[in-house]
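When you get a sec, could you build the whole thing from the sequences and use the hints?
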Amino acid sequence: MTERYDVLVVGAGPAGLAAAGAAAAHGARVGLLDAQPRAGGQVWRHDVRKPAPAEAREAIAALRGVTVLTQHSVVANEDGALRVETPQGAALLTYGALVLATGARELLLPFPGWTLPGVSGAGGLQALAKQGWPVAGKRVVVAGSGPLLLACAATLRAHGAKIVGIHEQASADCVHAFARQLVHWPARAAQALLLRAKLAGVPYRFGSIVRHAHGDEAVRMVEIENTQDTSCVDCDLLAVGYGLVPNVELAQMLGCALDHAQTHPHVQVDELLRTSVSAIFAAGEACAIGGLAVARIEGAMAGHMAAGSAHEARALLPERDRARRFGTLLAKHFALSPRVHALATPQTLICRCEDVPLGALDGYADARDAKLATRCGMGACQGRICGTALAELGRFPHGAGRPPLFPARLATLAGLALSPSDDASRSPT
Amino acid sequence: MSATVRLQVNGQPVEVPAGASVAAAVAHWTLHFRTSVSGEARAPLCGMGVCFECRVRIDGVAHQRACMTPARDGMQVDSHD
Chain A
0 MTERYDVLVV
10 GAGPAGLAAA
20 GAAAAHGARV
30 GLLDAQPRAG
40 GQVWRHDVRK
50 PAPAEAREAI
60 AALRGVTVLT
70 QHSVVANEDG
80 ALRVETPQGA
90 ALLTYGALVL
100 ATGARELLLP
110 FPGWTLPGVS
120 GAGGLQALAK
130 QGWPVAGKRV
140 VVAGSGPLLL
150 ACAATLRAHG
160 AKIVGIHEQA
170 SADCVHAFAR
180 QLVHWPARAA
190 QALLLRAKLA
200 GVPYRFGSIV
210 RHAHGDEAVR
220 MVEIENTQDT
230 SCVDCDLLAV
240 GYGLVPNVEL
250 AQMLGCALDH
260 AQTHPHVQVD
270 ELLRTSVSAI
280 FAAGEACAIG
290 GLAVARIEGA
300 MAGHMAAGSA
310 HEARALLPER
320 DRARRFGTLL
330 AKHFALSPRV
340 HALATPQTLI
350 CRCEDVPLGA
360 LDGYADARDA
370 KLATRCGMGA
380 CQGRICGTAL
390 AELGRFPHGA
400 GRPPLFPARL
410 ATLAGLALSP
420 SDDASRSPT
Chain B
0 MSATVRLQVN
10 GQPVEVPAGA
20 SVAAAVAHWT
30 LHFRTSVSGE
40 ARAPLCGMGV
50 CFECRVRIDG
60 VAHQRACMTP
70 ARDGMQVDSH
80 D
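First to last, the sequence lines map onto chains A and B. Using numbering that gives the first Met the number 0, the letters of the first sequence correspond one by one to residues 0 to 428. Using numbering that gives the first Met the number 0, the letters of the second sequence correspond one by one to residues 0 to 80.
The calculated label-pair distances, taken between Cβ atoms and stated as ranges, are:
#	chain 1	residue 1	chain 2	residue 2	range
1	A	A314	B	A2	38 to 46 Å
2	B	G38	A	L409	23 to 31 Å
3	A	M0	B	A61	20 to 28 Å
4	B	A2	A	P202	30 to 38 Å
5	B	A2	A	E270	46 to 54 Å
Here are a few chain B residues that sit away from chain A, every Cβ distance over 12 Å (derived from the structure):
#	residue
6	Q7
7	N9
8	P12
9	G73
Hints are computed from structural coordinates only; laboratory data are not their basis. Using N, Cα and C, we set each Cβ at its ideal position, and we do this for glycine too.
If you want it as structure tokens, here you go:
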């Protein structure tokens, strides 16, 4: 089955929703696809207990004339088209212009015990709880870094969890310097104050790191390293996330140049969000972590560009540049401490798909050599977890991916115009 | 649409709110979603479809990501694969 769109937008979070709305306003035939069952992305993920935020509902309601394609996962690219997999089968979506609004994922780093059931990302547990994961009455330790920890803890508390504590790796000086900068960002300051109010009575520790999770069938205790001492805390769930990483795999597969200036690459775009590949634009977190405001503005810019209206995109530049400065502020004040990078021991599993311990990678020069010898990065997540962690730990940069972008059914792969490689046809179903 | 969804996890009945994921339904009974290559029990890590730790068998089809799949009435879900 082939469907034709003037503008195809990948990712239905705030950036993708804005892009689709902007492109459709120019009269373009727009398709908006997302692998999740609902539009909204991560920040506007549907919560089974309450209605979506007003701005999310408005963004979704504003999509007049846009074909919303949920549960559509991009598997491979062909000339001017994307091969997608859906629960019903496969489809080929052709496009005149493409907008990559693929967002970000959480930075998940290894430490002893991180593979125990009950240990998840911070944004991860927040997402799970929003979709009905039972947290009521559970004792939860929230840890890692960045303002997302507060948002996660507030959601979990609203779902009935008992938040034992929030452990931020950044020092008190860094967090307080960040808080002082919020005077320049009144909306952010108001949001932070609201979150703190929702978390009244919950300890919020700085320079504090979960260094070990203990338990048999599931986590039951964590060891916490503070600046002065170490303590052990009983818990039922541990939610630990160290910030966000741009999702660049699709851009990379399409041949778009990436910017490797920082530890984790982002899609390289010019002032008007053009990637290095003609007719492909990128917006939001994929072009460097910037937050919700950046995503919405850049999404609209990319939608205008994809529909051929550079003038309207350019008009949003000053607003975008200002919003982007907030991302810079975050990166500066929540930079990860070397203590976090040193948590994994040689016995700690780094590749959770293939159960490869960190120590097994000693002596390999790059990700490819390590993968060939140890299977690290060869599993179903295709190196998204271990590759990103290894880049963060300074072991080796994340290797280039290869199609299929996600494990796909053979029937989907059989529809590819290009012959799948041997590896592709052997990938898990 | 009913406000709840009824399905079976490892043969046991579970009721979850409409809109809940299969992952949420499984978590009502067990945190053992999949078994790793060296035999460890694993449960969701990322919650958003990236890590593949939440894979379960749904209506006989293996390797489905529980966090990405909405729970539906009558589903038969098996973990521990």
